Amino acid sequence: MNRRDFLKILGAGTAATSSLAAPLARAERAPRVVIVGGGVGGATTAKYLKLYAPHVNVTIIEPKREYQRPYGSSEVITGQIELEDIVISYDDLKTRHGIEFVHDTVEAIDFEAKQVRTAGGQRLGYDRLVVSPGVSFDFEAIDGLTAELAETRLPHAWDAGDQLLVLKEQLESLPENPTVVIGPPPNPYRCPPGPYERAGLIAQWLLDRGDTQARVVILDPKNGFTTDYTMLHAWNDLYDFNIPEPARSKYSDEEWAQLTVHDNPGPIEWVMGDMGGRILSVDAETMTVEAEAGTFQADLINIIPPLKAGRIAIDQDLADDSGWCPVDQRTFESTRHADVHVIGDACIAGAMPKSGYAANSQAKVLAIQLKALLAGNDPVEPVFQNTCYALAGNTEVGMFVADVFRMDGDTIARVDEQRYLPFDATEAEYRLAALYQHNWMKAFTEDCFS
Amino acid sequence: MTRRLIRGATLALATGGAVAALPLHAETTTATDPRGLMAAQTCAGCHGTKGYIEDSAYVPLAGMPRERFITAMESFADGSRPSTLMGPLARAFTDEEIAAMADYFEAQPKERARAIDPASDQTTGQALDPEEN
Chain A
1 MNRRDFLKIL GAGTAATSSL AAPLARAERA PRVVIVGGGV GGATTAKYLK LYAPHVNVTI
61 IEPKREYQRP YGSSEVITGQ IELEDIVISY DDLKTRHGIE FVHDTVEAID FEAKQVRTAG
121 GQRLGYDRLV VSPGVSFDFE AIDGLTAELA ETRLPHAWDA GDQLLVLKEQ LESLPENPTV
181 VIGPPPNPYR CPPGPYERAG LIAQWLLDRG DTQARVVILD PKNGFTTDYT MLHAWNDLYD
241 FNIPEPARSK YSDEEWAQLT VHDNPGPIEW VMGDMGGRIL SVDAETMTVE AEAGTFQADL
301 INIIPPLKAG RIAIDQDLAD DSGWCPVDQR TFESTRHADV HVIGDACIAG AMPKSGYAAN
361 SQAKVLAIQL KALLAGNDPV EPVFQNTCYA LAGNTEVGMF VADVFRMDGD TIARVDEQRY
421 LPFDATEAEY RLAALYQHNW MKAFTEDCFS
Chain B
451 MTRRLIRGAT LALATGGAVA ALPLHAETTT ATDPRGLMAA QTCAGCHGTK GYIEDSAYVP
511 LAGMPRERFI TAMESFADGS RPSTLMGPLA RAFTDEEIAA MADYFEAQPK ERARAIDPAS
571 DQTTGQALDP EEN
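In order, the protein sequences belong to chains A and B. Quick note: the first sequence uses the working numbering, first residue 1, plus one each step. Quick note: the second sequence uses the working numbering, first residue 451, plus one each step.
With the rest of the complex left out, here is chain A:
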């Protein structure tokens, strides 16, 4: 019997005896929502829940004292911004919105007692628990890759932090006209346009340094990526990039005819999945990458390992065999444990990507649903949105994907049709997209954290 059933029985009863006084008093106190993880999903849930239901006690459990945003962080590597520019304070959430913080790691969740235990020994009871743990990395999926090497020779730099600085230093130490290998992960993964934006940023950085013979080789297990239609076109124009033949189906015949075939192609090469782009192993000593297409000798290797849900979600039995967390996509309540909601990158959310904007959008829907559920009401029909901005490399050339999502039965589905810049977009439109990309970093951060 859960607490709600108990209270129903209690309400139907005729007399409250003294033995019932204690649970009754508990039921009258403010509802408690505990949030595990102070990233985009956790912070946005906390802020919006306080906006929509100020009477709810909201506590975030997060080991870090300040947040580093992963979105837009590749620009740290190529020097458009500094590491300190991606650091975000929790002060506004604490002082302006009255959100409690416990700076500690979660040791265990007791789903029966509805209690979270931290490494520091605290026990936090909850009426509803939100788990927004982000991602973890499956280093074992690629032979030769380890968590230790990611901190030194083979940084993925896909979760902000000091690995960005390691990669930046490696980039700046590169010999003239180097070969850079970038290995995007298989689907699904955080920030779908991100690995390709990073490849563009590095190509631009090398060209700006005067390296006319550099190579930026993308070894990809996939045959496509979000924004590919725009990104490949922009590279074709900006970087004398030849779009591989297997990608032809992304364009109409008329569009394909307008693309340029370059006799002396520029730095970027995209080895698609169908061309043998899948990486099999890496050797940090010899700096070689073995892909299905063959061996690549590199001066810099940036492999983003396959991703799965954040460690807490996996350790606490919230993820299934896929490595991600199944949820009721209307309320984000875990299908494995009641009264626990999983949002953001870690959850399985139908057609929604694993992006900051998606986590933010899910968090606001969750805030509405939590308010309803805590009051004993039915959940509300959700509407979601996602926008991902990306740069082509040249930071004045931007692009985006923009989608709206609704429920289709039990699954979140995309409802829009056009989602990218059109093929015939003007230069001004590319530049506007870049302008909005730069403005979005501040606007979005404020919506989540201020």
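Treat the hints with care, as some may be off.
What the hints assert, rightly or not - Cross-link-like lysine-lysine pairs, in silico, BS3-like; alpha carbons within 30 Å at most:
#1 K94/A with K64/A
#2 K114/A with K560/B
#3 K94/A with K442/A
#4 K560/B with K442/A
#5 K114/A with K442/A
#6 K168/A with K250/A
Derived from the structure by calculation, the hints contain no laboratory data. In this text, all values refer to a predicted model and were calculated from it rather than measured experimentally.
With the hints as your guide, set chain B onto chain A.
Positioned in the frame of chain A, the structure of chain B alone reads:
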């Protein structure tokens, strides 16, 4: 090879400007319509919490007159107002949602303090309480 994208050119920032008033098909809703809140909160990831934003390329939506919001969304949707991504987004919302969003943003104060302080503005929370609608 044209280098179309990196050739220096004047950036035309003004995508808006005067737009002709369009007939409004949407039904009238109240500012506490939960559909308005559900749809409107999806805008905040760019346009700011409750549509409040400053020093940004994004247009503030807080306090925008409802007719102006509806006209903008309808003209984005039919392409008569040029945009980057607002066209596809505007087309994905229903007339009823657009009207409810318009009511929601019109009801939001333009000032930052009131816009984001939960203690001084309860309209957002009320929209979610069926008994208070």
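Status of each hint after checking the structure:
Restraint check for K94/A and K64/A: satisfied, since their Cα atoms lie roughly 14 Å apart, inside the 30 Å limit. Restraint check: the Cα-Cα separation between K114/A and K560/B comes to about 41 Å, which exceeds 30 Å; the hinted pair is violated. A distance of roughly 19 Å separates the Cα atoms of K94/A and K442/A; the hinted pair therefore holds under the 30 Å criterion. Straight-line distance between C-alpha atoms of K560/B and K442/A comes to about 19 Å, which keeps the hinted pair within the 30 Å bound.
Between K114/A and K442/A the alpha-carbon distance is near 36 Å, which puts this suggested pair outside the 30 Å criterion. Distance hint between K168/A and K250/A is unfulfilled; the C-alpha atoms sit about 33 Å from each other, more than 30 Å.
Violated hints for the displayed structure, listed by number in ascending order: 2, 5, 6.
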